[in-house]
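Visitor: Chains as they are written, first to last, in my numbering: chain A, 1 to 374; chain B, 1 to 374; chain C, 1 to 374; chain D, 1 to 374.
What the hints contain is simulated information worked out from the structure, not anything from laboratory work.
Certain hints may be false.
Copies of the same chain look alike in the list, so a pair counts if it works inside one copy or between any two.
Below are the DMTMM-like pairs computed for lysine to aspartate or glutamate, each with C-alpha atoms no more than 25 Å apart in a straight line [what the hints assert, rightly or not]:
(1) K120 x E40
(2) K120 x E35
(3) K102 x E370
(4) K167 x D297
(5) K147 x D89
(6) K326 x D273
Number of protein chains: 4
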Amino acid sequence: MLGNSFGRMFKVTACGESYGDALVAIIDGCPAGLEISDAEVQIELDTRRPGTSPLDSPRQETDQVHIFAGVRDGVTTGAPLGMIIYNVDRHDIHVQQYRDVKDLIRPGHAEYAHMVKYGKFADWCGAGRGSGRETCMRVAAGAVAKKILAAHGMEALGHVSECMGIKAREMGFEDIKAHYRKNLINCSDPEAAEKMIERVLEIKEEGDTAGGIVEVVVRGVPPGLGEPVFDKLNATIAHGLMSIGAIKGVEFGTGFNTARMKGSEANDIPYLDENGRVRFRTNHAGGIEGGVSNGEDIVVRLAVKPTSTISIDQQTVNMAEMKEQKLAAITRRDPTITARVVAVAEAMIRITLVDHLMMWRGYDAVQNIEHPWS
Amino acid sequence: MLGNSFGRMFKVTACGESYGDALVAIIDGCPAGLEISDAEVQIELDTRRPGTSPLDSPRQETDQVHIFAGVRDGVTTGAPLGMIIYNVDRHDIHVQQYRDVKDLIRPGHAEYAHMVKYGKFADWCGAGRGSGRETCMRVAAGAVAKKILAAHGMEALGHVSECMGIKAREMGFEDIKAHYRKNLINCSDPEAAEKMIERVLEIKEEGDTAGGIVEVVVRGVPPGLGEPVFDKLNATIAHGLMSIGAIKGVEFGTGFNTARMKGSEANDIPYLDENGRVRFRTNHAGGIEGGVSNGEDIVVRLAVKPTSTISIDQQTVNMAEMKEQKLAAITRRDPTITARVVAVAEAMIRITLVDHLMMWRGYDAVQNIEHPWS
Amino acid sequence: MLGNSFGRMFKVTACGESYGDALVAIIDGCPAGLEISDAEVQIELDTRRPGTSPLDSPRQETDQVHIFAGVRDGVTTGAPLGMIIYNVDRHDIHVQQYRDVKDLIRPGHAEYAHMVKYGKFADWCGAGRGSGRETCMRVAAGAVAKKILAAHGMEALGHVSECMGIKAREMGFEDIKAHYRKNLINCSDPEAAEKMIERVLEIKEEGDTAGGIVEVVVRGVPPGLGEPVFDKLNATIAHGLMSIGAIKGVEFGTGFNTARMKGSEANDIPYLDENGRVRFRTNHAGGIEGGVSNGEDIVVRLAVKPTSTISIDQQTVNMAEMKEQKLAAITRRDPTITARVVAVAEAMIRITLVDHLMMWRGYDAVQNIEHPWS
Amino acid sequence: MLGNSFGRMFKVTACGESYGDALVAIIDGCPAGLEISDAEVQIELDTRRPGTSPLDSPRQETDQVHIFAGVRDGVTTGAPLGMIIYNVDRHDIHVQQYRDVKDLIRPGHAEYAHMVKYGKFADWCGAGRGSGRETCMRVAAGAVAKKILAAHGMEALGHVSECMGIKAREMGFEDIKAHYRKNLINCSDPEAAEKMIERVLEIKEEGDTAGGIVEVVVRGVPPGLGEPVFDKLNATIAHGLMSIGAIKGVEFGTGFNTARMKGSEANDIPYLDENGRVRFRTNHAGGIEGGVSNGEDIVVRLAVKPTSTISIDQQTVNMAEMKEQKLAAITRRDPTITARVVAVAEAMIRITLVDHLMMWRGYDAVQNIEHPWS
């Protein structure tokens with residue numbers, strides 16, 4: 001397996017499986033002089049943690065994080081940050097459940113592909129490294145990125161904007177922030193949230209699971225962030241978001257609907273605001289033009305598929321015996337992961353933004369230019 | 001600027017601006033023993049070339065490619081492939097047109113961001129490196145990737161599946177191939193194509209431009225391609241596709257609509273086909289589960305925004321004088337780039353697939369495993 | 001700080017400071033199906049461990065390693081390998097000693113540079129991340145690489161070939177192996193070893209420290225390993241070796257003396273051996289020509305400077321008060337680290353070889369070539 | 001083949017073979033606002049060019065460089081810089097000479113390894129990509145780096161400090177600069193130079209070739225450059241230097257002789273100079289401690305082996321017929337490449353320094369620290 005690092009200058013490398021001993025993230029490129037504590041990272045982790053809501057998996061993980069490297073006296077030293085979370089809820093009963101079905105393809109999961117890739121050595125327990133459990137370390141790393149962004153005036157907040165056909169009203173950054181994480185479904189429109197929760201609980205009753213759409217808005221991004229060709233800001237954000245398990249689509253600004261517009265409708269028209277700064281009258285672009293931020297809020301949406309593990313019998317294939325058979329209903333599962341994805345999506349966006357900021361600053365410092373407009 | 005390389009093992013690095021002397025791509029990691037000629041790469045480039053259809057820009061570029069490194073006697077030697085295209089249609093009259101508006105933000109383009117990033121040194125001519133012209137070299141590199149994929153039984157084909165509200169009927173790989181690139185809009189549904197073309201020409205008459213949706217389907221991808229965490233196959237494909245200018249969204253399989261499904265509906269159920277191979281009864285996942293291919297066709301769609309350059313006056317900001325003013329209508333433009341994006345999207349997907357194939361083969365060769373199912 | 005990863009496909013990322021809680025290494029690209037246990041890695045670590053010889057630092061670290069990720073039932077799963085070592089000997093008395101001199105530049109160390117780089121946040125305790133303690137994780141990762149190499153018929157062994165003017169006799173791979181790690185100085189020539197030990201103990205008595213030269217020989221490297229331009233096998237090995245603290249020079253084969261030879265003397269002449277395989281009559285090249293292995297033993301030597309920490313008073317600068325002052329003699333130190341560098345040098349070479357093997361295999365698998373000679 | 005890129009932020013990617021059409025380098029990460037012309041790059045290239053001295057190959061290459069991308073009106077725009085050099089002296093007679101011996105291993109060259117790696121497709125003409133001809137583009141890229149360094153007060157100059165036993169006297173930066181490139185052998189000690197030239201011409205008469213040692217000194221490097229672990233400044237410089245064909249050893253400061261010193265001798269003692277800046281009384285470290293620059297001159301030496309191509313018959317192996325045979329004397333060759341390596345070594349060091357500067361500036365810009373001492 002490759003690809004356990006993300007980022008170029010603010011580079012997160014992680015390891016750890018769903019039912020392994022521990023998960024670790026190393027942040028290479030972590031700047032010195034940043035005050036950060038276990039508790040601060042914990043706050044973010046707690047928003048992703050399972051076992052706390054009827055909408056989530058009942059798995060009891062404390063997700064207690066410890067920063068074991070890169071910090072002295074509560075401040076980063078410039079050395080890479082090391083963070084560890086021990087897995088606690090991996091009791092024999094659960095391991096046995098996985099062992100019982102280890103030769104079966106669990107529909108919607110990556111088992112079949114892993115079996116082909118790693119043969120009989122593929123980790124059969126709880127999807128191993130392919131489990132959503134790895135997103136813990138994304139969130140932990142994102143908590144560090146969040147602090148760096150805050151020092152540069154940037155803030156990224158997400159919520160569930162749609163769930164099983166129920167849409168939140170259109171909301172800007174301030175709206176999302178006003179009711180941020182106030183309910184089980186993490187939707188900042190309280191009325192929609194209530195309906196979403198009700199709907200998910202119904203679906204849970206059926207033994208089934210629900211998908212949804214997460215929207216993240218970033219305020220305070222300076223114009224100029226992002227590299228104009230292969231590493232466009234939207235391209236790298238999309239990379240990060242699409243690397244979260246269960247994500248089937250990513251769109252920016254008006255997104256897929258932009259494809260149905262004319263140029264005269266889709267173009268965001270610039271003007272000078274009362275402070276003489278360039279602003280745009282609309283934000284169809286979602287804050288990114290030509291792969292580079294334009295100073296408007298970055299707006300991105302992710303399609304989250306319904307949890308693959310369901311409490312309903314399914315047909316499948318037994319890879320050891322190469323025959324079709326039934327996979328029995330599984331009760332330990334998330335009725336929806338959409339609410340939990342919010343924290344992971346925010347984290348990936350934050351990490352990406354810090355990475356771009358450092359890349360830009362790196363060459364900008366040796367450029368011989370004035371920045372009259374920034 | 002950074003980010004002019006794409007890929008890890010099959011790594012494409014490119015340079016060149018819209019109105020510079022030439023565009024070059026270097027493919028590091030190009031395998032030896034591959035027969036490839038200028039003519040073969042040219043075929044792909046001709047599908048992207050402007051100036052040949054009333055739907056495209058009238059810019060007259062021959063896009064004549066020459067492989068100047070990495071090949072001896074028509075076969076690759078293992079040395080990096082070097083390809084060059086000289087810009088020919090960059091006459092004074094056009095340069096002057098750009099010079100006249102060099103301080104104006106052209107709505108929908110990245111000018112403002114580039115001015116902030118590179119100050120007065122930002123290339124004002126035809127969007128410089130930020131122009132869609134750079135996609136030539138993506139297509140050239142993609143032509144090489146196409147040959148490698150063919151040797152491994154993979155084929156990626158795209159078409160325009162929607163344009164300004166007109167949708168092609170649902171089509172699988174064989175359908176798309178049957179009418180592949182048979183009309184100006186590159187839509188494989190002839191009836192829809194006719195309506196799309198008519199609609200774009202109407203919009204062109206208005207001085208306006210049209211967006212659309214491109215769909216690419218890949219046949220023959222073996223199960224196991226893609227890395228399970230940050231470099232999921234869909235994540236890296238999304239990176240590549242979203243790095244094409246004008247793309248505002250990317251989705252796989254049932255995409256955003258998966259978010260409106262229940263788990264029992266979205267899960268693709270595996271079975272054994274008549275050859276005893278694992279297949280899936282549906283393909284909501286678009287061929288990728290947990291970031292790794294499952295052997296079904298990869299299905300991906302891209303939202304293409306309407307061309308930003310329109311033949312209608314627009315309000316804008318003059319950055320030299322920091323005042324609002326009018327940007328006059330521009331006649332040299334693409335009424336829609338959707339048809340031309342097909343070639344670029346195919347190229348980025350092909351490059352990404354070869355890159356993953358080489359990464360996988362790299363560690364697989366040192367693994368101590370059997371591959372009973374592949 | 002950046003640069004805490006090494007390798008492209010077999011990629012080791014590490015963190016942890018001399019007096020932090022723990023050191024961790026993550027190996028991304030670790031192949032599946034490899035049997036590996038804590039005990040096996042421990043064997044290698046024990047050869048690097050301080051506190052066991054009068055030639056080493058008396059610091060009492062058990063260097064107990066635990067593989068916490070990437071392994072199930074004693075076999076790698078393909079997931080990244082995670083390894084952790086807790087620091088145990090970091091008692092208040094030692095921390096206080098470092099605190100007492102935290103504003104002083106310790107001659108020969110990187111303090112001054114770190115202060116400039118990280119300001120007052122630079123880790124003052126035991127050189128922080130800049131300490132040789134980080135080499136634990138290189139050795140741990142190297143133990144994994146060693147097993148992979150063994151499966152491909154490669155073996156890298158080192159010894160101390162020179163120490164304070166005392167030279168071991170010229171030795172080939174078999175000679176080094178015959179007396180491998182049989183004495184405190186890790187020199188495979190027993191007679192020279194005895195004199196070296198005696199000399200180092202004398203120097204230790206003076207409160208001083210000793211340098212030396214380490215030689216590593218690799219047997220079984222197939223011809224063809226290494227990339228012909230920037231990532232030549234010798235270039236990447238030199239990168240890895242020169243990244244070990246205290247290394248001031250690296251040379252291959254006849255090394256600096258090759259510069260004093262004529263072409264007719266330096267060229268290694270090929271011939272066919274009794275099995276019809278290409279061999280070379282001499283090995284001035286040290287097994288690498290044009291950056292690629294030629295099938296002969298790789299021979300590399302490293303110059304190790306004497307330990308910077310000495311038990312003799314030294315003049316220095318107090319950076320807080322910006323005045324010159326005395327740094328008192330320090331007793332807890334390594335009389336020489338040359339013997340301990342052997343394990344680290346072997347590890348870096350092993351990691352580099354596996355990395356190259358995986359890169360080569362990656363593109364070779366998609367090449368359309370026969371390998372008649374390999 | 002992989003590894004045709006060097007650098008992380010100031011990243012040079014190159015292609016082109018000895019007898020291909022052209023050589024190209026792309027510099028990704030080239031900052032905007034840098035005045036650079038073809039002529040300026042040409043000056044550096046002319047110092048490396050063959051065919052101008054009795055010590056060099058008679059191959060007549062003009063090495064005329066053209067910057068075809070990344071520059072507008074003589075100033076960089078921030079877009080990647082593209083540079084091209086066409087090969088002109090590749091007449092049939094020379095190609096035929098290579099064709100005649102295409103199945104023979106030329107002793108000292110990488111042919112055998114390339115044959116194993118790329119099979120029958122390995123480029124047989126003039127060593128293909130493995131030829132020293134590729135170093136043109138290193139020098140071209142180095143010319144750009146040189147200008148950036150100059151703007152930051154850094155200057156790297158090299159000379160031949162030893163040739164076939166004849167040593168230049170010990171020289172500092174000012175000494176080297178005083179007689180910089182004043183003679184055919186590029187040795188800044190005029191008396192030694194005369195003897196060196198005489199000796200090389202004698203060896204040339206014998207049909208043989210000569211090795212030598214190149215020394216490069218860098219003035220003006222600020223303390224703090226370099227990353228403390230795997231990407232130490234010396235490690236990455238060594239990587240760059242050892243990636244030049246024919247280099248068999250690299251050492252910093254007192255180098256291999258440091259291994260023969262005691263700690264009390266080798267430690268460079270810091271003091272405060274008359275401006276209150278930290279300086280060191282000696283420079284055994286060669287300006288780098290713990291992998292990070294300490295403000296003293298960087299001093300590095302490279303062992304250059306004698307040119308492999310000699311005008312004397314040699315025994316070798318015919319790989320097509322798998323039999324031993326004679327390789328006839330070759331007249332077109334460099335009696336020594338040591339003088340020409342100076343330009344290449346300077347280039348690699350310059351590129352590496354700019355790369356480190358940009359990396360450091362990247363994270364430093366987001367650090368929350370003061371730099372009281374820099």
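Visitor: If you test the structure against every hint from before, which numbers come out violated?
Guide: 5
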